[in-house]
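Number of protein chains: 2
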Amino acid sequence: MTRLKNVYIFTGGTLTDEMLSYNNLDEGIIIGVDRGVDWLINHGITPDYFVGDFDSIDIVLLERIKKYYSNKVKIYPSEKDETDTELAMQLAISLKPQNIIIFGGTGSRLDHVIANVHILLQAERNDISSVIYGTNNRIRVLLSGKSKKIMKSHFSYVSIFPFTEVVAGVTLEGFKYPLVKGVMKIGFPYGVSNEIVEDNGTISLDTGILLIIESKD
Amino acid sequence: MTRLKNVYIFTGGTLTDEMLSYNNLDEGIIIGVDRGVDWLINHGITPDYFVGDFDSIDIVLLERIKKYYSNKVKIYPSEKDETDTELAMQLAISLKPQNIIIFGGTGSRLDHVIANVHILLQAERNDISSVIYGTNNRIRVLLSGKSKKIMKSHFSYVSIFPFTEVVAGVTLEGFKYPLVKGVMKIGFPYGVSNEIVEDNGTISLDTGILLIIESKD
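Keeping their order, the protein sequence lines are chains E and L.
In terms of full-length UniProt numbering, the first sequence opens at residue 1 and continues consecutively.
In terms of full-length UniProt numbering, the second sequence opens at residue 1 and continues consecutively.
With the rest of the complex left out, here is chain E (with noise of 0.2 Å):
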């Protein structure tokens, strides 16, 4: 069985038109989460499934979408543990994508921004390639003996945290300030605004997780 390729996750946050022309989305799944669902049905595309406590769609096309796909919602409490778009996480996670694309996930809200980064871990720990797509920014994880690649692309900064308290052995290839086993600490952000200047950057790291961080302006 060839492995499904990938599963997008279209959250709130600030959604654009730009994610729609992203590559393969019709070979995909498609999971909208809460508001994510307006935007889609909104743009003509109907999700594989829909996620959310959907406190925040209108309730007229809440009604519209449990007639016509009541085996694809999945409706939850609005007071629960989890994040609506966690769930949608676990529910692509069991999907066995090699790659899990949220688009949305960023906005003003920060709270949401940095629980969709902690939700990223769930999906790099069970293998699958994971990043958060958003309108300045795009977002990774890295876990302990892994590396990345990362396309040299319009996001023209790319920025590395540690994610842990230490993280080591941190390696930057093709990148403006290159690094060789390096060692960051939190609360020491010496990673931020590098460049890439080959075709792409591969970032590796020994022992911790790190965040990466595209960004434009």
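In short, the hints are calculated from the structure, not lab data.
It cannot be assumed that every hint is accurate.
[What the hints assert, rightly or not] Once the Cα atoms are required to be at most 27 Å apart in a straight line, the calculated DSS-like pairs of lysine-lysine come out as: (1) L:K185 <-> E:K148; (2) E:K185 <-> L:K146; (3) E:K146 <-> E:K216; (4) E:K146 <-> L:K185; (5) E:K185 <-> L:K185; (6) E:K185 <-> L:K80; (7) E:K216 <-> L:K216; (8) L:K96 <-> L:K72; (9) E:K176 <-> E:K216; (10) L:K96 <-> E:K185; (11) E:K152 <-> E:K5; (12) E:K176 <-> L:K74; (13) L:K216 <-> E:K80.
[What the hints assert, rightly or not] Some chain L residues judged to face chain E by a derived CB distance under 10 Å, without partners named: (14) E79; (15) L110; (16) D111; (17) I114; (18) A115; (19) H118; (20) V158; (21) S159; (22) Y177; (23) G187; (24) L211; (25) I213; (26) S215.
[Stated by the list, open to error] To be clear about the criterion: a stretch of chain E counts as covered by chain L if any three or more of its residues have a C-beta under 8 Å from a C-beta of chain L, and this derived list gives those stretches: (27) 106-113; (28) 121-132; (29) 136-144; (30) 162-168; (31) 183-192; (32) 207-213.
If you're wondering where the values come from, they're calculated on a predicted model, not measured in any experiment.
All C-beta atoms, glycine included, are put in the ideal place defined by N, C-alpha and C.
Given the coordinates of chain E, assemble chain L onto it according to the supplied hints.
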């Protein structure tokens, strides 16, 4: 000698007029950072110190500042290990105040936001209470064995996240969802969107470091 009460850092990101009505702004020391200097001067406020590489400030303004405030201007090269806000934080710490309040510091560049969150640790480790006061978020960190009181305010939601791999002995009092000696681990953001139901909420912690984010829509 009475200890200096407040140092205010006005930095890049989103700055709003509301921030000027903050209590006791007149009585504290004000540090302008790079574009924050522009913003302050446009609002009729001359900072006590000017910090940055000033790569994004009006050149005429910069020349005027250098002429009149030469002893208060700290210009750094634009390629350096520290961010401008970190240099301002180090200056603020050297003044040994009780509190450091960073205005701005949040915005669309998540890498800058995360860098600023890390920088808060430098103040707290020097026993200086510190906060990033953004437009939609107020951000603090809480060190091992410490507690913080958060006043109920127009920031409706209070979320907590582990900033180290594990945090233990997390106790929340005065909250809608209280907690006694809880344990949190990175990857599981179950502390999102709590609310203060008393006049104030108290958060205390035995081990690890906690990230506290108040948010509003």
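Do the hints match the structure? See the list:
no., hint, result
1, L:K185 <-> E:K148, "24 Å, holds"
2, E:K185 <-> L:K146, "21 Å, holds"
3, E:K146 <-> E:K216, "25 Å, holds"
4, E:K146 <-> L:K185, "21 Å, holds"
5, E:K185 <-> L:K185, "18 Å, holds"
6, E:K185 <-> L:K80, "18 Å, holds"
7, E:K216 <-> L:K216, "25 Å, holds"
8, L:K96 <-> L:K72, "17 Å, holds"
9, E:K176 <-> E:K216, "16 Å, holds"
10, L:K96 <-> E:K185, "24 Å, holds"
11, E:K152 <-> E:K5, "22 Å, holds"
12, E:K176 <-> L:K74, "26 Å, holds"
13, L:K216 <-> E:K80, "20 Å, holds"
14, E79, "9 Å, holds"
15, L110, "4 Å, holds"
16, D111, "4 Å, holds"
17, I114, "5 Å, holds"
18, A115, "4 Å, holds"
19, H118, "4 Å, holds"
20, V158, "8 Å, holds"
21, S159, "4 Å, holds"
22, Y177, "9 Å, holds"
23, G187, "4 Å, holds"
24, L211, "7 Å, holds"
25, I213, "5 Å, holds"
26, S215, "5 Å, holds"
27, 106-113, "holds (count 7)"
28, 121-132, "holds (count 3)"
29, 136-144, "holds (count 3)"
30, 162-168, "holds (count 3)"
31, 183-192, "holds (count 6)"
32, 207-213, "holds (count 3)"
In summary, the structure agrees with every hint in the numbered list given earlier.
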